[in-house]
Every structure is written in structure tokens, then in C-alpha cells.
Amino acid sequence: MLKLTELPWLRSGLACLTCAALLLQTAACEPRQPATPKVPLQPAVFEPLREALLKSYEELFEEAPRLEFTAAQIQQMREYLRRSREYCVSRYKDRVKEHEKNLESAQAELKRRTATLSDAERKELHCRIQNLRAVKSQAEVLANHAIPVAFENRQAKLDLIEKWPAQLKQIQQEIASGAYHNRPYGDVKDIGFREVGKGQEQDVKLGEDTVREMRQTGLMPPEVKNEAVQKYVADLAKKIAARSDLRVPVKVTVLNSKEINAFALPGGFLFVQRGLLEAAEDESQLAGVLAHEIAHAAARHGQRLMKKATIANLIYQAAQVAAVILTGGAATIGTYYALQYGFYGLGLVLSLDLLGVSREFELEADQLGVQYAWNAGYDPSGFIRFFDKMATREGYVNGVSWFRTHPPFYERMVHTRREMLFLPKKEGLIRQSAAFEQMKKELAKVTAEAEEEEKGRPSLLAPEQGCPAPEKIEYKPGDKIEAICALPTS
Amino acid sequence: MRASHFLRNAACLLAAARLLCAAAPQGRTVSLYVTVEKGGGLVTGLTEKNFRLYEDGQPKPFRLEPPETPATIALLVEHSQASWPYLNDIAQSIEGFFREAPEGNWYALATFSNQLKVEVDFTKMRGRILEAFSELGQPLWDAINTYDAVWEMLDKMGRLPGRRVLIFIGSGYDDFSAYTLDEVRRKVEQTNVVIYALGAGSMLRGSYEPYLGNTARMNLYQAEAFLRMLADKSGGQAWFPRFETAYRDAMRGIMQSLAAQYRLVYESTVPRDGRFHKIKVEAFQVVNDRREDFRVRAREGWRY
Numbered sequence: 001m002l003k004l005t006e007l008p009w010l011r012s013g014l015a016c017l018t019c020a021a022l023l024l025q026t027a028a029c030e031p032r033q034p035a036t037p038k039v040p041l042q043p044a045v046f047e048p049l050r051e052a053l054l055k056s057y058e059e060l061f062e063e064a065p066r067l068e069f070t071a072a073q074i075q076q077m078r079e080y081l082r083r084s085r086e087y088c089v090s091r092y093k094d095r096v097k098e099h100e101k102n103l104e105s106a107q108a109e110l111k112r113r114t115a116t117l118s119d120a121e122r123k124e125l126h127c128r129i130q131n132l133r134a135v136k137s138q139a140e141v142l143a144n145h146a147i148p149v150a151f152e153n154r155q156a157k158l159d160l161i162e163k164w165p166a167q168l169k170q171i172q173q174e175i176a177s178g179a180y181h182n183r184p185y186g187d188v189k190d191i192g193f194r195e196v197g198k199g200q201e202q203d204v205k206l207g208e209d210t211v212r213e214m215r216q217t218g219l220m221p222p223e224v225k226n227e228a229v230q231k232y233v234a235d236l237a238k239k240i241a242a243r244s245d246l247r248v249p250v251k252v253t254v255l256n257s258k259e260i261n262a263f264a265l266p267g268g269f270l271f272v273q274r275g276l277l278e279a280a281e282d283e284s285q286l287a288g289v290l291a292h293e294i295a296h297a298a299a300r301h302g303q304r305l306m307k308k309a310t311i312a313n314l315i316y317q318a319a320q321v322a323a324v325i326l327t328g329g330a331a332t333i334g335t336y337y338a339l340q341y342g343f344y345g346l347g348l349v350l351s352l353d354l355l356g357v358s359r360e361f362e363l364e365a366d367q368l369g370v371q372y373a374w375n376a377g378y379d380p381s382g383f384i385r386f387f388d389k390m391a392t393r394e395g396y397v398n399g400v401s402w403f404r405t406h407p408p409f410y411e412r413m414v415h416t417r418r419e420m421l422f423l424p425k426k427e428g429l430i431r432q433s434a435a436f437e438q439m440k441k442e443l444a445k446v447t448a449e450a451e452e453e454e455k456g457r458p459s460l461l462a463p464e465q466g467c468p469a470p471e472k473i474e475y476k477p478g479d480k481i482e483a484i485c486a487l488p489t490s
Numbered sequence: 491m492r493a494s495h496f497l498r499n500a501a502c503l504l505a506a507a508r509l510l511c512a513a514a515p516q517g518r519t520v521s522l523y524v525t526v527e528k529g530g531g532l533v534t535g536l537t538e539k540n541f542r543l544y545e546d547g548q549p550k551p552f553r554l555e556p557p558e559t560p561a562t563i564a565l566l567v568e569h570s571q572a573s574w575p576y577l578n579d580i581a582q583s584i585e586g587f588f589r590e591a592p593e594g595n596w597y598a599l600a601t602f603s604n605q606l607k608v609e610v611d612f613t614k615m616r617g618r619i620l621e622a623f624s625e626l627g628q629p630l631w632d633a634i635n636t637y638d639a640v641w642e643m644l645d646k647m648g649r650l651p652g653r654r655v656l657i658f659i660g661s662g663y664d665d666f667s668a669y670t671l672d673e674v675r676r677k678v679e680q681t682n683v684v685i686y687a688l689g690a691g692s693m694l695r696g697s698y699e700p701y702l703g704n705t706a707r708m709n710l711y712q713a714e715a716f717l718r719m720l721a722d723k724s725g726g727q728a729w730f731p732r733f734e735t736a737y738r739d740a741m742r743g744i745m746q747s748l749a750a751q752y753r754l755v756y757e758s759t760v761p762r763d764g765r766f767h768k769i770k771v772e773a774f775q776v777v778n779d780r781r782e783d784f785r786v787r788a789r790e791g792w793r794y
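Top to bottom, those sequences are chains X and P.
Using our numbering, read the first sequence as starting at 1 and increasing by one per residue.
Using our numbering, read the second sequence as starting at 491 and increasing by one per residue.
Chain X with its partners taken away, still in its complex shape (with noise of 0.2 Å):
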């Protein structure tokens, strides 16, 4: 019988072999840390397309057909922008994974502690936990939200730059040969004597049930006490109604919360959040969201989802699921409707079949309310100009991404810039108005109570008192993400 002891050379190659193993063992399982991108261009080519990402949808819709870019140097910078959103990623979740773990430490010492701690060692580890929390938070929606949604804007920008000029003369062909009639919805002249939206009449008691159960569901913000802000609203949602399909009566009211938000509900529905009319800069942004609204319940999309949501047999009652898909703000009402049949499970969500349907909806919404918009005499690109303010600015901060909604941010911008140029030359439309700039004084004094109440709204997760302010991460929506993640530029 052979044995081990008697071959040395087998023993220590067999050891080497076993720590080679294991040595590779551990690579394998150390996450690999995404590497510092390299600028794949020249700087000459890179500085341009740096710039031009940084500029708003509109001038980019202007300058695209103008930028001489090669199909290899547009891949090049995707490529680039796609490992710098790694890289920086990576930064911000390794940060989250430290406070996380120092956390966790100082817990566990408070814990172990806490029958012997004196008042100062107490307050001392408090503070400590607090402010290890709030940079761990930051960090956390920085790397989930704001860098991510970042990247998603500059790679949109980098679609456009790639694909408009292509897609324009396309456009400016269809204009010429007067193909551009034969699109859906493309008979402008007539809105508000052709049928978009056959039987909206029967949506009113729907819509009439829905607001009541909403209001029931105590999830509804009140609404504002300004007659001035209300009637404001009101008077531009008939004035734009009243030139589009929209037969039945709109019925406006804003809600006093600082969610940038509007929605509708079937039957001419409307609820615009404060938040949307402080962060609309002029009356044509704000005409052209109402009109998006005003033109999912004129095309009755509402009536024409529950439909389907009847199909996908879910569970949600169909009036519920009308409001979810339409209001985002107000999305997670149906899981009220979810307790009446479990506890757990309760996560649900609406199945794809109904996503898809939403895509459609959307699209439609932005093309229709682009022509209500118009034919009320406003300026069209005041919706694309809220859109991407809203996206670049205000994407993250509800935690939810312009770029991932269905259909993607890229695409309805495309969609919504071409209907533009598809609408008849008009003269003299309005950009800005004076009632529009009194209604904005007259919401500061409400936006000033509720930041008044809001401060002295008592609060469970309150700062230990007496603490040195927290670390704060500088970091704007909108700034540039170099602010907070250095990256090569040459």
C-alpha cells in the first residue's frame, strides 16, 4: 500500500494545489470592483458630446440634425457613461455597506451597554447612530436614485443626439408628401367634432364612485383653501377642455400636497397636486400636463383599462385599477382593497398585460394632449419643457425614475416633439400669462402654511437634540453628477 508519507514531492504539490484552490476560491467570491472608465474619445470629439449632453431636450431637439457624430463615437460615449454609472455606483453602495457595518457596531455597543451607560455616553452614541444614518440614507439614495437616473438622462440625451436627426427627416418627408394626415389622431382641425373616446358621458358616475372611495381611503391630500388657486386652475382646465374631445364636464381640484403630481380619473376627473403648480415655470407647461389629463379622460382610458383589467382577472376592483395606472401619486390605493383578501401577499402589483395597455394609453395621452394644448392657443413645448425639467431635476426624488417608465422617457419625447411639428403654423401662442404669475403669489401663501405646518408636524424619528449636524453629502437633482463622482474627462 502506498502512502502519502512516502511520496513528499505528491504531499506539498497536493498542499500547493489545495491553497492555489483556495486562493482562487476567495477571488472568485471578492465582488469585483468596477474599474475607473477610461475616455474612449479623442478630446476634441469627447468635450462637444459632453457638452451637448448636458443641454435641455429642446435645444437638443434644435442642435441634434446639426452635431456631426459617428455612429462608432456616439457607441464609444454610451459605452463610457455605461461603466462611469457602474463606477460610481459601486463608490456609493461600498460608502452604504460601511455606515451599514458601523451601524450595526455602534447598535450593538448601545445594546450591550445600555443598563450602565452614563447620560454623556448615552448622547454620544446617539449622536453617533443618528449621523451614521443619515450619511448611510444619502448615500443610499445616491446610489439607487440619483446616480443611476443621471446616467439613464445623459444615455436618453445620447439617443436622441444618435437617432433624431434620422427620425426629422423622416418627418420633414412625411410633411411634404402630406402622409403626416394619415396619422392617428391627425385630423387637428377637427378636434372636438370627431369621436376619440365614444360614450365618456357613462364615465361620470364611475368617476363620481372613484373620488368617493378615494376620499374614503383617507390616502387623498385635502385640497387647498385658496378660491384664487382653485379657480385659476379650474378656468384654464375648461378653457383647454373646451377645445378638445372632452364632452363631459372637467371638474378640477387642487390637492395640497408637495408631490409634483396631476391625475385623472374617468368622467373629466382632474386632481393637480401643489406640488406640480410650483414647480410649473409658466402657464403653457402647466396647460400642456392638464391637457395630457383632460386627454386621458377624453379618450376614455380609464373605462378602456378596466376593461382589460377585468380580462387579467385581478383581483383589484376595476375602478381602483383605473386609478392606479393613471394617478402614480395615488398608486398604492388599491392595497386597501388587498387587506379585504389577505394579510400577506400583499405586494401585489399590476400584471404586464396592464403595463403594456398603459404604454398605448400614454403615448395617446401625450399626442392628444399636445393638440388640446395647441388648439387652445398655448405653446405645445411647454409639456416637453416641464417633462424634462421635471426628469432631470425632480426624477429621483420620489424614488421613481422618468427612464424606467413604460413607454421610456426617450420615447415620448420623440413622440410628443414629433405631433409638434406636425400641428399647423399657429400665430401668437401663450407662453406666460399674468394670471398665471398672480396664481403663483397667491400659492406661496399656501405653499408658506403648510411648510408652516409641516414644521410643527411632531415627529417619531425627531434628532437626538443637541447633536453636531449631520454630514451632508452636496448634491443637488439636476447638478452634475462629477460633482459628487469624479470622473476622467481626457
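It should be emphasised that the hints constitute simulated quantities derived from the structure, not laboratory data.
Treat the hints with care, as some may be off.
[Said to hold, decoys possible] Calculated pairs, DSSO-like style, for lysine-lysine (alpha carbon to alpha carbon, straight line, at most 27 Å):
(1) K614(P) x K441(X)
(2) K614(P) x K455(X)
(3) K123(X) x K607(P)
(4) K614(P) x K93(X)
(5) K614(P) x K101(X)
Assemble chain P onto chain X, guided by the hints.
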């Protein structure tokens, strides 16, 4: 030598004076929240002359003021793997809260198993409580550290201004809390928060109690006694519903009690000596020269 002697004596005198000052009665304006009952129903519409207030047995002058609005109301909910037999009781209570809680107050939701977690900070949209509760999902831990959770919640709420109310929904069992029952009791006595308790699992008790062993039975009694202690010490009330809809009824009872609360404002002069000082509130009305006393729910006293 003489100078150092003098300094030492002076230091001793200073320290003694400080101790004396700490123990001396100091006036502080406090609000005492009181509900008055007669035959199980709430009594409203009483005036100052219908009340008497005693602190450490001494009558105290007071004034009756409307309770602060909005009230600051937090729900503390047990959410542990070990709670599964009575999860439905908890869900019923939350449902009842949603239906009965009036608009306008501040509402918050915190849950606990091995540690406290604030699910929803104070909001006036009570639907957010139901929404967050419905999204809790499967609990990760099987611990029920009730004492820690109650202590921490009282600590957090004690820093807030105004009328503060804690609604506890859970079994009252405790596993491995760092705080002891005595420490929680002291915290309740130190903090001006009215606590209402809804005993989850009370429905099961009726069915299973006859089959329980001595230890399990003791645990049950201890859990129930804990919830009663929270309510009695703080001037609230504990409910142990025995059927499903009674959880909603209990939540209605809490909201009605809050709506019928009286607020007695007075200068408390009990010393900061770390000892418990009793309060007694009497409520009565005089009918045909005969005094008719009501049942009063008010906190039992203060500990500073």
C-alpha cells in the same frame, strides 16, 4: 490650612444645597387628561366645578381647558413571526383604526419584533397607516420585545409637545427585552402619554386557556397584567376583545374616549426626587343636593 478647610466646607455646603434644591417642590404646569364614565358610557359637558384634583393627597387648584388639537396619536403594533396565531386580531384592530380615526389628528405607525421600527412618521393622512400596515409582509424575526418597544416609544413621544396618545396593539408577551418590567413602569410614570392597549390573542384565549399548563397560563396572565398596567398608570384603557368585530368596536371606543377627554391644567409641585407621587381626580355632579360620583380614568401619578 485654614483656607483649604474653609473651601472644603464651602464645597460641602454647595453640594448639599444643590441636593436640597433638586428635591424641593418646583412648580411646573402640567396637563392631566381625564375621561369620565357613568354606567359604561362617557360623560361629557362637565365643568370645573364637577372635578376635584389631589396630588399626594393635597387638593390642587386647576383650570379646565380644551384638549390640544390636533392630538398626536401613535400606533405601536406587534409584528413578529410568533404573532401569527393572532395576526388577524391585529389586522382587525388596524382596520378598525382606519374606519374610526377622525381626520385632523397626527397619526404614526411603529412596529416591533426584536426591535422598534417606525413605519410611518406622523401624518394627517390616516390611509397611510393602513397602506404601510398592508405592505408589511412576512415578519423576519420571531422575538417579541414588547418592553423595549414600549420604553423606546415612550421615550420618543415624551419629547413631543401637546396631547400624546399611544395605542398599543399586541399580546403583551415579552421575550428578550433589555429593559425590565420595572423600568417600563417607571417610564410610564415619568412620561405624560395616555396609553390604550388592545390585547391581541384574546380571542384565542377563550378556546385554549383550559388546556394550558401552569407556565403558559402564568405567561398569559403576566401579558394581560402588563397591558392593564400600561393603561391604568397612564389614564388610558385596556381592551381584551373575545370576538373578531370587537377589535373594531374597541378602536371606536378609543376614538370616542379621546373625543370626550377633559384636560385639567395645574401647577404640579411634587419634588424631583425620583419617587412616585399619587394623583387622584374626582368627578361628580350634584343632583337634588346629593353628590353623584362618576368613574374617572386619569393617570395614577407622576415620577420625576
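Checked hints:
1. K614(P) x K441(X): Holds, because 26 Å separates the two Cα atoms, which is no more than 27 Å.
2. K614(P) x K455(X): Satisfied, since the Cα-Cα distance of roughly 14 Å is no more than 27 Å.
3. K123(X) x K607(P): Holds, at about 20 Å.
4. K614(P) x K93(X): violated (34 Å)
5. K614(P) x K101(X): Given that 27 Å is the threshold and the Cα spacing comes to 35 Å, the pair is violated.
In summary, the structure is inconsistent with hints 4 and 5 from the numbered list given earlier, while agreeing with the others.
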